[in-house]
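A.B. asks: Below are the chains, spelled out letter by letter.
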Amino acid sequence: MPSVNEGEISILIGGRAGEGISSAGQIIAQLLSSLGYRVYMYLDYPSRIKGGHNFAIIRGADFSVGAVRETVDVLLAMNKETIDLHKKRLSDNGAILYRADTANVAEGIGVDMKGILASEHAPPVMGNTALLGAFVRSAGIEWSRAEQVFRHAIPKEIELNLRVAHRAYEAGTELLTIPPLITKRLPVVTGNEAIGIGLIEGECLLYCGYPMSPTSNLLHFLAVHANHLGMQVLQPESETAAILIALGGAYAGARTAVGTSGGGFCLMTEALGLAGIAELPVVIVLGQRAGPSTGLATYTAQADLQFALGAGQGEFPRLIAAPGDADEARWWTTTCMDLAWKYQLPAILLADKILCEGMYSLDPMEKPTLQVVPLMAGEVEHPYLRYAMTASGISSLKFPPYKGEVIRVNSHVHDEDGITTEDPQVTRAMADKRAKKLQGLQEEIEKMEPVQVLGIRDASTAILCWGSNKGICAEIGRRLGLRVVQPVVLWPFPESCFARAMEGVERWIGVETNETGQLSRLLRQFGYVPEGVVLKYDGRPFAVEELEGELKGRVA
Amino acid sequence: MPSVNEGEISILIGGRAGEGISSAGQIIAQLLSSLGYRVYMYLDYPSRIKGGHNFAIIRGADFSVGAVRETVDVLLAMNKETIDLHKKRLSDNGAILYRADTANVAEGIGVDMKGILASEHAPPVMGNTALLGAFVRSAGIEWSRAEQVFRHAIPKEIELNLRVAHRAYEAGTELLTIPPLITKRLPVVTGNEAIGIGLIEGECLLYCGYPMSPTSNLLHFLAVHANHLGMQVLQPESETAAILIALGGAYAGARTAVGTSGGGFCLMTEALGLAGIAELPVVIVLGQRAGPSTGLATYTAQADLQFALGAGQGEFPRLIAAPGDADEARWWTTTCMDLAWKYQLPAILLADKILCEGMYSLDPMEKPTLQVVPLMAGEVEHPYLRYAMTASGISSLKFPPYKGEVIRVNSHVHDEDGITTEDPQVTRAMADKRAKKLQGLQEEIEKMEPVQVLGIRDASTAILCWGSNKGICAEIGRRLGLRVVQPVVLWPFPESCFARAMEGVERWIGVETNETGQLSRLLRQFGYVPEGVVLKYDGRPFAVEELEGELKGRVA
Amino acid sequence: MTDNNFTSRADNTWCPGCGNFAILQALKEVFAELEHKGIPREEIVLVAGIGQHGKLFDLLTINGFYSLHGRTIPVATGIRLANPDLRVICVAGDGDCYAEGLDHLIFGAKRNLDITVLVHDNRVYGLTTGQYTPTSPSGFRGRSTPGGIQERPLNPLELMLASGASFIGRGYSRHRDQLKRLIEEAILHRGFAFLDILQICPTYSDLTEYYNKHIYDWDTATEDFQKAWEKAREWNYSAEGRIGLGVMYKTSAPVFEDAYPGKGSVSREVRRAFTERLLAERI
Amino acid sequence: MTDNNFTSRADNTWCPGCGNFAILQALKEVFAELEHKGIPREEIVLVAGIGQHGKLFDLLTINGFYSLHGRTIPVATGIRLANPDLRVICVAGDGDCYAEGLDHLIFGAKRNLDITVLVHDNRVYGLTTGQYTPTSPSGFRGRSTPGGIQERPLNPLELMLASGASFIGRGYSRHRDQLKRLIEEAILHRGFAFLDILQICPTYSDLTEYYNKHIYDWDTATEDFQKAWEKAREWNYSAEGRIGLGVMYKTSAPVFEDAYPGKGSVSREVRRAFTERLLAERI
Ligand SMILES: Cc1ncc(C[n+]2csc(CCOP(=O)(O)OP(=O)(O)O)c2C)c(N)n1
Ligand SMILES: Cc1ncc(C[n+]2csc(CCOP(=O)(O)OP(=O)(O)O)c2C)c(N)n1
Ligand code: SF4
Ligand code: SF4
Ligand SMILES: [Mg+2]
Ligand SMILES: [Mg+2]
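As you go down the protein sequences, you meet chains A, B, C and D in turn. Just so you know, we're using numbering that gives the first Met the number 0 here: the first sequence kicks off at 0 and counts up by one. Just so you know, we're using numbering that gives the first Met the number 0 here: the second sequence kicks off at 0 and counts up by one. Just so you know, we're using numbering that gives the first Met the number 0 here: the third sequence kicks off at 0 and counts up by one. Just so you know, we're using numbering that gives the first Met the number 0 here: the fourth sequence kicks off at 0 and counts up by one.
By construction, these hints were calculated from the structure, which means they are not laboratory data. Wrong hints could be hidden among the right ones.
[Claimed, not checked] Pairwise CB distance ranges, derived in the manner of DEER restraints:
no. : chain 1 : residue 1 : chain 2 : residue 2 : range
1   : A       : Ser395    : B       : Glu442    : 53 to 59 Å
2   : D       : Tyr209    : B       : Gln524    : 58 to 64 Å
3   : D       : Val269    : C       : Tyr215    : 48 to 54 Å
4   : C       : Asp176    : B       : Thr389    : 57 to 63 Å
5   : C       : Gly146    : B       : Lys402    : 54 to 60 Å
6   : A       : Ser391    : B       : Glu442    : 30 to 36 Å
7   : A       : His227    : D       : Ala252    : 46 to 52 Å
A virtual CB, placed ideally from N, CA and C, is assigned to each residue, including glycine.
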């Protein structure tokens with residue numbers, strides 16, 4: 000009988016697209032969370048709406064978790080295929096719960112889903128609820144606790160769902176124990192939701208998104224809540240339109256954001272430069288997925304960093320932050336918005352499918368949110384100069400209508416008043432002005448913990464990672480005695496903080512979900528050369544055992 | 000009386016837009032060329048069609064020249080403004096020829112343009128011809144030589160033009176001597192024309208361009224000659240369309256190219272990745288101009304290198320070559336086409352306004368053109384697999400209709416047959432296949448002199464430059480005793496050739512027409528760190544004196 | 000390519016009941032018939048957009064270019080210019096080609112490019128799980144518009160008529176025989192042939208009942224622009240109205256590609272000679 | 000902004016005789032008149048595309064957003080959403096907004112966004128020195144088409160009608176008084192107001208004589224779609240035909256922005272409370 004192994008447990012649930020694997024996974028995550036576990040969920044699905052094979056792995060642990068293991072303790076199978084595909088992952092005394100009418104597996108326990116649904120006159124889509132009920136019982140979770148989670152998590156027909164779940168619960172048997180932990184219970188959110196919350200808290204008033212994995216769900220999340228929030232959520236004709244709508248909004252004083260993936264980001268690059276030279280703030284949520292081109296639409300990669308660094312013709316300041324989990328996603332989204340507005344420039348929040356569609360425990364208290372930068376109101380200036388030269392490079396920001404004044408923003412090289420010029424001196428001066436903003440931004444960022452040190456903080460061998468590889472590297476780093484350095488802000492590159500984080504590091508290895516080691520390439524520009532890189536580029540995230548094995552061999 | 004100073008002469012001609020400054024400049028360049036000089040012309044004009052101030056500086060020298068001096072020996076003024084603006088550039092005993100009815104300048108010689116035109120009943124647009132006639136006389140050039148040049152260079156109403164020029168010639172006085180050189184006389188072309196010739200010689204069958212400075216003239220050049228060449232030249236609705244038309248053409252077997260500048264390139268980035276994963280060849284002529292965004296439409300910069308390196312989501316092989324003058328532009332354009340087809344990938348020819356719209360002496364013999372890679376015909380393969388795995392990563396390339404076979408190209412991750420897959424193993428294998436092509440390409444390129452060493456080739460202090468700064472750096476390098484290293488191919492970076500070029504270099508300085516030293520940033524990735532950088536980012540190219548002064552201070 | 004029914008080994012990943020099955024089947028039958036009529040399968044190229052519709056690319060054993068979202072028409076343009084012997088069929092989505100790629104569609108029609116465009120108009124973004132598209136009816140509640148849209152849909156037939164398409168029709172995924180005939184006629188038409196196919200999407204936008212109630216058949220194709228326009232406006236893709244099926248408009252007009260020289264028509268020697276002459280004039 | 004004629008200190012860089020001078024002057028007069036009518040100049044925003052037309056941005060003393068080539072309409076959309084008190088006027092070019100940005104134009108009309116779009120339709124790319132545009136007449140010889148184009152032009156009025164614009168008209172740069180009236184009416188119209196302005200470009204496309212021969216005035220604006228359509232088709236932008244000037248169509252329809260909450264309508268406290276509640280449900 001399996002029990003929680005070294006303070007952690009992994010559960011895999013699988014079935015066909017359309018059978019509610021994702022929502023069942025979320026409920027399992029919330030169940031573990033209600034027991035005090037920190038949770039993480041990985042969702043794997045092909046690019047289809049119904050059929051095929053979907054699965055989710057939910058891992059609960061007594062530490063902050065952000066990755067899955069190859070091995071799972073419980074296998075919940077909506078069909079036989081799930082068992083066939085994943086049985087090999089089962090830990091030695093793992094448990095299988097499966098839909099009884101699809102398979103007959105010696106080592107598992109069949110759930111009479113068909114019978115249960117029939118007796119409650121419930122539709123087939125509630126099959127996952129039945130499986131969940133059986134799981135609750137098998138995991139030794141009290142019904143009352145489960146009921147509370149179900150009530151929160153199931154949006155429709157809750158009573159019927161509860162009856163179905165309870166029937167399966169009653170019919171089930173206890174197979175394992177998941178001892179409750181005495182820690183604060185944390186809410187569970189997807190990365191997209193964390194970003195959405197960050198946008199809401201960052202006072203985003205206008206969000207524009209053309210659907211694209213893995214950020215479509217950010218659009219959906221905001222759309223559902225838009226009305227309560229006085230937020231405008233818009234799906235325009237293209238990504239090109241999306242970002243220009245956002246920039247129009249920013250000109251008129253609305254905090255704006257857009258969300259997309261690489262293909263859509265391509266179409267935004269021209270406007271990125273416009274934001275740069277016109278000094279218009281905008282937050283771009285760039286959810287990376289496996290490319291190139293259409294690539295693997297529903298799988299992951301960290302392969303757009305070099306693109307984000309150089310996107311758009313010419314040179315202009317930009318902010319790029321790559322949060323590693325939901326906490327960071329929330330905080331840095333708000334911070335990106337604030338900094339974009341303070342420094343009047345585009346900010347790119349670089350996420351990926353793993354972060355966007357994964358679920359995490361969110362610790363709202365980890366870091367206080369920034370003081371939201373007020374829109375610069377202040378006294379009347381006359382004549383108002385949109386691009387007035389200042390020591391910081393930051394000009395005062397006003398919006399039309401501004402009595403007695405004209406406010407001009409311009410994609411051409413322009414003078415302080417925003418009027419087009421071709422003068423070489425002004426050209427240089429304005430470039431210097433923008434560069435000064437970047438310098439100020441960098442200084443401000445250096446005070447914000449833009450580089451995380453995790454694992455064994457004083458080890459002389461380090462692994463370097465970014466974005467969604469944070470969790471897995473931290474976990475393995477602790478186990479293998481490695482320092483883990485994770486730059487969250489990638490541009491302007493926080494050189495001082497990074498140098499501090501690397502003090503005493505004698506050798507380091509890069510860990511990235513791409514083919515060419517894009518972070519390492521960036522670090523080389525600053526004089527840091529890796530001993531090696533561990534790269535994965537098949538669309539899937541590293542599993543703990545896999546990366547641990549790789550790293551063990553290298554750092555021995 | 001000025002004479003050619005150390006084997007070189009500089010002539011500035013200025014006037015309003017619409018007065019034919021560019022064509023007059025070209026004729027002067029051809030005149031100097033007919034005397035055996037190597038020539039270079041810089042054209043400076045604002046973003047307007049008529050009025051304003053345009054000027055061209057033509058420099059002839061007994062060495063291969065690619066930059067202008069601040070000082071000029073002859074000032075040809077179509078109006079008073081030209082004198083006012085440029086008089087300060089005149090060398091000590093320089094000559095001014097000007098249109099008599101617009102100014103009265105003590106130190107210059109007025110040309111009675113009005114009278115000459117009136118007596119020939121010639122239209123005002125022939126004013127530049129009159130000025131040229133006077134110049135021919137003042138420079139001591141034989142009339143017959145001039146007549147021949149005029150006949151080649153003037154497309155319309157040649158006899159009337161000749162009468163006008165001759166009248167001015169007769170009325171003029173000799174002011175200086177430009178001794179003929181006993182060297183091969185070379186044709187004079189713009190960089191755009193050199194690229195165009197490279198495309199023609201590269202068997203480009205379909206060229207697509209949406210107008211944009213500085214590559215519009217490439218579109219015009221090809222459009223004029225398309226019919227004789229059996230070439231298809233097309234102006235589509237947008238740059239997005241342009242590159243996709245090109246890729247469609249490539250799929251069906253036509254060598255294709257597109258031309259644009261940064262803003263249009265932004266709109267092509269999504270299709271760049273498509274070319275990458277679908278393994279479709281295309282040549283993209285990217286003429287850089289001063290940004291960011293609309294920037295300074297008719298001025299120059301080298302600020303899109305980092306963009307070109309990273310453009311497009313995901314990772315895929317690409318070729319980036321940045322020729323430094325017309326010879327290189329012609330040769331590398333053809334070579335980009337050949338290599339794009341051999342390795343089935345996108346090639347970016349990275350030019351800039353200086354190269355595209357500047358005029359150069361072209362030495363057709365400098366390097367033999369490549370053997371054009373034949374479209375792989377070969378024997379029938381069955382079943383034909385568009386993405387067959389091979390040792391080189393290169394699959395055999397066939398086009399529909401292919402009897403009995405199906406040819407599929409795909410923007411998704413796909414198997415050997417081009418069918419979409421989400422399989423992790425195939426994903427990795429296909430990425431490795433593409434990476435292998437890049438490796439093969441790099442090896443081939445290392446044999447092609449992808450890195451030029453100029454100046455004093457064994458000096459231990461070097462300047463590093465790329466693209467259109469080649470000429471000026473070579474010239475100054477020779478004078479200051481510096482080695483000049485110019486990587487022409489920037490990706491895949493020719494590491495071995497570069498290392499060889501840098502052997503014995505103890506310190507180096509980067510010279511770039513941008514704000515952040517983009518080449519230096521690339522070189523840092525390969526372990527090369529500059530002692531400093533000399534950057535110019537006001538839209539104008541370096542003048543010889545300016546850069547020489549800067550460098551003298553640094554390398555002393 | 001020995002199979003006779005153009006069926007590839009790829010998995011079909013559409014939902015049960017999806018209207019795309021009918022379009023797939025119709026295409027297979029049309030290809031077989033064309034082959035019968037002497038148009039070899041090798042001369043057909045399918046250009047697919049990104050969306051559920053694009054999956055035809057994988058499912059059919061036919062030459063294909065799986066392009067980007069919204070970008071079938073420019074690819075088709077390039078193919079036609081490079082080799083005018085090829086027959087190009089674009090399979091596009093309503094999001095794909097009425098939103099992201101609308102300008103290309105209009106320019107394809109303006110140029111009267113000789114291609115066939117089949118729009119799988121399920122009036123929803125299928126593959127990205129159910130957002131509204133330019134042809135979604137007013138009030139449509141999609142995942143990005145849970146409150147229902149207030150916009151009015153575009154009428155693609157009217158737009159195509161205004162843009163210069165020389166063949167315009169409407170099909171319905173539940174009328175497969177008619178659909179097959181329409182597709183074949185569109186492919187055989189010389190010029191820009193456009194079909195808006197009302198494609199049932201049971202998962203996100205099941206309009207079967209609504210369509211069944213309102214459809215009727217247009218009798219013969221008209222060359223009369225005015226009449227065609229009246230037909231196009233019978234239904235505005237939103238409110239009630241008679242939904243005509245069939246060929247709405249058909250005319251003959253000059254084809255874009257004909258103005259261009261064919262493939263590789265000038266020899267390498269001529270090109271060499273040309274550049275040499277050009278350079279000689281520049282000395 | 001103390002001047003009374005909205006004239007900035009920027010140099011005017013158009014060619015002598017350019018029709019843009021008339022549009023500039025008309026706009027100045029309209030702004031003055033609007034101010035008279037109580038619409039403060041601070042509430043007007045000009046969004047300019049890239050091309051000769053865009054230079055209005057520099058020349059006028061009025062709020063402005065100098066956007067990218069082809070991208071006036073989305074910028075205008077964002078401005079209207081952020082602050083529906085602002086009146087937004089897009090000045091666009093025919094290359095700008097019938098080629099590069101055509102889809103935005105159509106979606107602006109579809110949504111019936113409450114903005115004004117003035118297209119400086121000189122039927123040529125002016126700033127890039129004379130290439131053909133979507134409205135260039137058949138046979139036009141531009142720098143990219145020295146042999147003359149065979150394509151037929153788009154008819155922007157017909158397209159706008161098919162797309163849902165609620166105000167459609169045509170002006171002429173040589174009829175300045177009428178132009179002024181048209182622009183003012185367009186600005187005062189609630190909904191998507193579109194004006195195709197036949198703008199003389201003496202340098203690359205001087206059609207003065209041709210226009211002078213064919214123009215006539217439409218009498219009153221019609222709400223009748225059928226009549227409007229007939230007017231739109233009187234002239235196809237290429238062959239001979241009567242070229243009507245004036246308002247072609249005018250109707251009233253729901254405005255896109257009205258479906259959205261106004262600026263900053265929900266307080267920060269409500270937003271905070273919202274996220275707290277949301278998170279509480281996720282424990
Ligand atoms: C540039 C870009 N933006 C967004 C996407 C994501 N995407 C894939 S399919 C799709 C919508 C498909 O809708 P539709 O064209 O109607 O096709 P359907 O699935 O309904 O057949 C979108 C938005 C993409 N692939 N590329
Ligand atoms: C993306 C992009 N492509 C091309 C250009 C270059 N460009 C500047 S103006 C212009 C054409 C302008 O033509 P039109 O819109 O008709 O304006 P006009 O000058 O005639 O007023 C072009 C193509 C650009 N600025 N951006
Ligand atoms: S979502 Fe709709 S269009 Fe897509 S496969 Fe399912 S039924 Fe077909
Ligand atoms: S080129 Fe034409 S549109 Fe441009 S300024 Fe000159 S006349 Fe006006
Ligand atoms: Mg659809
Ligand atoms: Mg124009």
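A.B. asks: Work down the list of hints and note, for each, if the structure agrees.
C.D. replies: Hints, verified against the model:
A beta carbon spacing of about 56 Å between Ser395/A and Glu442/B agrees with the range 53 to 59 Å that was offered as a hint. Range check, Tyr209/D to Gln524/B: about 59 Å between beta-carbon atoms, so the 58 to 64 Å window is met. Against the hinted window of 48 to 54 Å, the Cβ-Cβ separation of Val269/D and Tyr215/C comes to about 51 Å, which satisfies the hint. Checked against the hint of 57 to 63 Å, the C-beta distance between Asp176/C and Thr389/B comes to roughly 46 Å, which is inconsistent with it.
A beta carbon spacing of about 56 Å between Gly146/C and Lys402/B agrees with the range 54 to 60 Å that was offered as a hint. Separation of Ser391/A from Glu442/B is about 50 Å and departs from the stated range, judged on CB atoms against 30 to 36 Å. In this structure the supplied range 46 to 52 Å is violated for His227/A paired with Ala252/D, their Cβ-Cβ distance being about 28 Å.
The structure is inconsistent with the numbered hints 4, 6 and 7, although it conforms to all the rest.
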